[in-house]
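Residue numbers (numbering that gives the first Met the number 0), protein chains in the order written: chain A, 0 to 628; chain B, 0 to 537; chain C, 0 to 409.
Quick caveat, the hints were computed from the structure, so don't treat them as lab data.
Among the clues, some could well be false.
As the list claims (entries may be wrong) - Rough simulated footprint, nothing fancy, chain A against chain B, three-plus residues with beta-carbon under 8 Å:
| hint | stretch |
| --- | --- |
| 1 | 93–104 |
| 2 | 221–230 |
| 3 | 444–455 |
| 4 | 481–487 |
Since this is a predicted model, take the numbers as computed values, not measurements.
Even for Gly, the Cβ is constructed at its ideal location relative to N, Cα and C.
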Amino acid sequence: MSSDSPFWLRKLTAINSRLFPRGDANLTRLKRRQALFAAIGRRLPLLRTLLFVAGYLWILAIPTLPGQGTYIDENALLPGQVNTNWNWAEVHAADRYLDHIEKLRDDNATSEQRAKYFAEEFKKLGIPASTQNYTFSTVFGDSSGTNAYATMSAPRSPGVEAMVISASWLSRTGEGAGSLNLRGVSTVLALAGFLRRYSFWAKDLVFVISDDYLEGMQAWLSAYHGISQSNLHTNDLDLSSGVIWTALSIDYPGHSFSHLGMFHEGLNGRLPNQDLLNSFIHISKYSGGVPVILYDYVDHQEYPDQYDLLPSWIPASVRQHPDVKGYLYRFKNVLRHGRYQARGIGSGVHALFHQFRIDAFTIFALPATGPHGFHAIGRIIESTLRTTNNLLERLHASFFFYILTDPDNFLKIGLYLPSAILISVAMMLTGLSLWVEAGWTTSGDKKSTDKKWTRRKRPILHVLAIMISTHLLGVTMFYLVNNKLFFRSRICPVAVMLITAVPPIYAIFIPAASPSDAPLSVVLKALNLCFASTVISITTVLNFSLAASMAILLGIPLSVSPTSSRRARPKTVYYIAYALFGLGWLVLCPEGVRKAVLDWETLGVWFGPFLCIVIAPLVLQAGVVCILV
Amino acid sequence: MLWRCCLVLIGALCTPVLSKHLSNEEFREQVSLQTLQDGRVASTFSFNILLKDATPREPRTLIFDDESQHYNLFPLALGQILREYAVTELHLTLNAGKWNYDSWGYPKERDVGTGAALWAWMADGGPTSIDYRWQGLRNALAGLFCASIGSLDEQRTTSPVLPFAPEGSLPDWGVEHELRHASLASEHVCTENLTPFLKLLPCKSLSGIASLLNPHRLFDADWHGMGLHVLWNPDAGVEVRLAFQLVSDPLRISAGKKQDWSFSTLFDRTIERTCPVAQSSIVDVALPREALYNISPEPPRIDQNVAFYDLTNMSEALDVKLKWALDFTYPLDPLKITSMPISVRRTLQGASQDRGQLSLVIKNNAPFPLQVLYLETMPWIVQFYLHTMRVSSDTSGDDFISNISYVPSVPHSRPATFQAVLTLPTESTVYLTIDVTKAFLRYTEHPPDAQRGWDLPPAIILPLSSSNAIRSEFVGRIYTPPLLVDLATPDFSMPYNVIVFSCSLIAFIFGNIFNLLTRKFVVVRLGSQQGTSKSKHD
Amino acid sequence: MKTPSTVPLGLVFSALVASRLLISCTSIHEYLIHDHQLSSPLTSFLNLKEGIYLFNNGVDPYSGGVFRHSPLYLSLFTTILSPSRIIASLLWTLCDSIGAWSMVRIWRARNNIVQSSRDVLVAALYFLNPYLFLPSLAFSTSSIENAVSLLAIMFACERRTSASLLALAFLVQLSLSSVVLIVPIILLLITSPISQLVSPRPFSGKWTQSLGHVFELAIYVLVLTLASTLVSGDFLWISQTWGASLTLPDLTPNPGLWWYFFTEMFDHFRPFFLMVFSVHLLIYIAPICIKFQYDSLYATFLLVGVLGIFKAYLTLSDPGLFLSMISLFPEIYPYFRHPIVTSLLHLHATMLLPLFHRLWLTQGTGNANFFYASTLVFACANGAALVDCVWAGLRIAIGEQVDGYAVTQE
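Let's have the full structure, built from the sequences with the hints guiding it.
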């Protein structure tokens, strides 16, 4: 029957019988399901490796991804649509202020004297001004200072909205290493005198000259929003204004500049709405005539020699190739972004505004021997303020999640998110396969085609106990680190390191699982991987850089921790390796620890606690896996 | 030649008529200018039209047709509205900007709350309810003044009797009079409101003091506001007061150091001719107390350091100039303003979109204790947690707050009204804080500019004259600036997606459970030989 | 981890209570009390305090829009207790202990034993369940409702009819949506709580008894309603408390499915969908009670799970009760279909909910859809848990899996 039927008919019947097999529907359904699972199971190792490789490659490829050009989404902004009035008279005023301020610096005036001088200058301009004293008490002792601020209420406006123009006394060069921001401060003063002369302001203008690098502005913002911070002592402000939508902080350390650098990362990885940045870039380039760069990295086409970073054994044809340099340029930008965002520290004074939903960024005048000065920066800031003054609503139209690869191109979240997600999925699959493996055991001879699968119990409660205890350990460790005594001597970090000895001791005391049950190590590793992957995939949305670095650092190490006792000899070596990997930073980079603690105490950056309470315990658990096998 | 004769003739014919009708209506106008301590100039125009021995309409007569009214000076459009809705007393203010009490002192026209505010006293007992007439009045005035007063619906209407006592007197018809008050802080006042305002004046802005009202300058000022006040005096009659007030900054206009001003610099106009129907039309200028100055033209009358010019017998165009000998310098520490007993600061603190804290700081500058009435009318989108109210002061003592009266708000309908009497010790500061939660609105309830937020009406502080030491100019409502509250917004593009997602999830769970509950369990024999046997059979 | 066999229940129990009290005496509640996941407008402690404040100052709390608690709370906190922090932390700890204790009692009644090694675990799983722990640290009245519902079930298991019905009446007073539990609890009263999942058999109880129970319950409810009316002075409270869970006047976000749906709903469809959502809750009663007629306690448990997914103004403690009650039915554990998937879903949801809530309301970078998405994930997790329990409860009747054979549904 089948022989004489034509080829296509046989094919059709074959397909038909495969699609709609006769016989027991349930049986076929079950068979189909089993076949599916079997197929997945067989390909799982391959799939995992593929996912890992794809994820890591994707992360590497982020700088080269085909982003799209930045554009302005909010129609109300109309950047660069006005002709600016800032002129040489104002430049002269700024210079005069600068002379006074330099005098203040030379007979090193206290911050009270400085603030008093600023406030008086504002009052002389007819702008109500005041000062604010503050004191932060941290484990490293107290640090206090005085801010000066002035609120210019816009004519005919109810004064419910405000813009902030700020400059900190310390410049951000070297993350507030100590160089002064004199020209930034005098720019603010000159701007105050200049902007007051116009009646087109729809929002109040608030001028803040904050003391120190970050602390001053943190104190001012907390007081302005009435947020009480336990370790901050300050008097409440006696001038108030409306809701602040946008803020920009001016950083002008050198005596003149060649580029305007843009810093935008906020605290805990928040980014400002892209419209703000784009309109500034637009204005600076087209109406200000000053090239804009990200951070302080100049463009690779202008300065190709600055991107000759590859080792010399690579042929010059590759090293000098513009595309390579372009990649390096964007790579540096993305890396800098990631460094700021992952650690949750902002890249400047503007970062503090972000915790109050204020979109802000820092204009950094890149020190150089020219050609630009007060004239250029004044015009650009005036035009930028006019633009933000046009806003009818809080900035919301454009993106909040993006990566700027260079000033004119950015990546949407969809382009870079999958990189970390792929890795976390790979970890999740590993965990799930281990979980299944723990649940079943094969008995009978390996050779025979149908092995005898039997269920076995998984000691979940013990495993959960281990995991929870490690995290509790992390909490205690955090409190130890967050303590005066910790920084007294070099011994303390080592002592805290010894905490890592607790889990193995604890693990030993766990009653040995009955041979019928699944081994602890497998279940622990499975749950550890599942948890880690969950943490990573959820962090991607909040703080991509942190998630990506977690994926890079944890992905492989957690997945390869040995579960068969043959490979895990000697156990302790493995464990110590993991312990060092998890907590080595305590000893190796005390400065980083110090800064993390300080940031947590004054600014509420949750990188430190997160590291202690979530990441380190995850690594320790992987170590415990090696102990338990 | 001929047309001039005709004009004279017509004039001759008209005069007796005019005079006859003018006898029971009179029109007085006045502008007073005052230099403020921060170099700005406050000018207050007020135009009074008196309808002699007239009475407001009694609501019970609303069932009959109204007897015909004939006005010469009294604005007809307004008169019709008043009688149509039987309004006894009416106040409408449209202001732009926040009045800076601390450096400007009390304004001449006391009601300077930002945006639009409308309150009226109406008698009950008509065929229609007071609220119905209130609604009609709102819409009529909205049409008359081109302002969005119509949107002052029941979500904004309150009846705070204490701070808004009637300024005239209420006729005794043996029926209850009730107050309706509503304010809209987000109303932007501009020239489209000024034009109808000028139309109500007998001489429009053609002659007299009103000719100074030049939109280009008025709406460039630092603060401006207009007001309409209708009230009844038993022995005078129905009186209408139209007021315009502005604060201009000569230092900004001239971009110089001198604070000199003149009509031509402030208004870019001078008074060319007088308004013929005005009984009196006066310009008065408050002269600086301690400074070298020069005023021209020489004022005919100076009384208590105020120069008066009478325009009724004006020969040539009047352009008052005030010049100072010295440059102006801003005071480094703001001087105490004697007419200002207290200074108020009101803020909505907290940066989260779901809750915040309302904080009020009142400083008593006076050398004697004060009692003030504090009124908050809060739309339902911001809900008070009254049990979290804390009142403290920098001086010792307690019970700073007393006779609290509170009407809680009802979602989607009624605003909350909070009234209390604050006792301010001598030269001290009193702090009041209340925690609030912000409502979450349906997506249809958000305004088009949802991301901006909502303007909350100003709070009102009324110094109570009960305390003996208080002087007459201390009394008068003090308006705080409005507040902006940003509410959490849903995604406005999502309704269909949300309906689809939620419903399909529910359907999925529902379907799963009912599958399990209804379908029959079967035990299937797996294993290859059975499978092959099956395949063999067919 | 303590091995249950060795540790005496009393010791562990008191230790748990002590630690619970200790934690609630810290200032942690200040961070939790505003949280939308832990307390809804109907259960928030702040709203309760506001209502009490207004009541004490002569303002009718039900005339405003803030206070939506039952008048019973009013009378409790204005006459006997004061809503101070200490009292509150004591009361809420007491509620948790009552809940945990009745869980133990239910467990014992189900297995018809005086004492077992598992008691400790059952109690601990109620105390340490974060879904129950955090809301009660935030003084959300939902933990009181949980305690009352567990009391009702416990008394029903122990055949103390009137006590159980009274507790049930209180429960209905406190939260209207728990009417869903009336039928199974009454069935439980006329059957036995002992596990019958393995051996299904037709309904054994006598229907005639149930009528009496219904009547008794009706009387209790009526009395309590009258009492509430006397307390609050008029009938306004009914629309403010019971009406709120039907008409959803307050759209404050919560982990449930209602709030965003009715935020985005077109005004002219609102009443219809309100009706659909409310009726949808009742649909589950009949089939579940019929299918599990041989084990009413299990039916009750499943309906608690239904409430934990679909009820209006959901808080974490509603699904929390369901998850903790799973510990009462160890016999079904081997028959779960995919427990790991369910628990991973829950893990994701519990991390997403607070983070996306913060992203939307505090940080302002994410919009409402972020939090909405996380509530969907949470609903999926709860749904998966419920489906697993239904499957396991039915599957157990067929018995151990023999290899070479597979059990499925056609």
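Here is how each hint holds up against the structure:
1. Three residues within the 8 Å Cβ limit are the bar, and the stretch 93–104 of chain B against chain A gives 4, so the coverage statement holds.
2. Only residues whose C-beta sits within less than 8 Å of a C-beta in chain A count toward coverage, and the stretch 221–230 of chain B has 3 of them, enough to reach three; the restraint holds.
3. Note: the stretch 444–455 of chain B has 6 residues with beta-carbon separation from chain A under 8 Å; the three-residue rule is met and the coverage holds.
4. Beta-carbon proximity to chain A at under 8 Å applies to 4 residues in the stretch 481–487 of chain B; the threshold of 3 is reached and the given coverage holds.
In terms of the numbered hints stated before, the structure departs from none.
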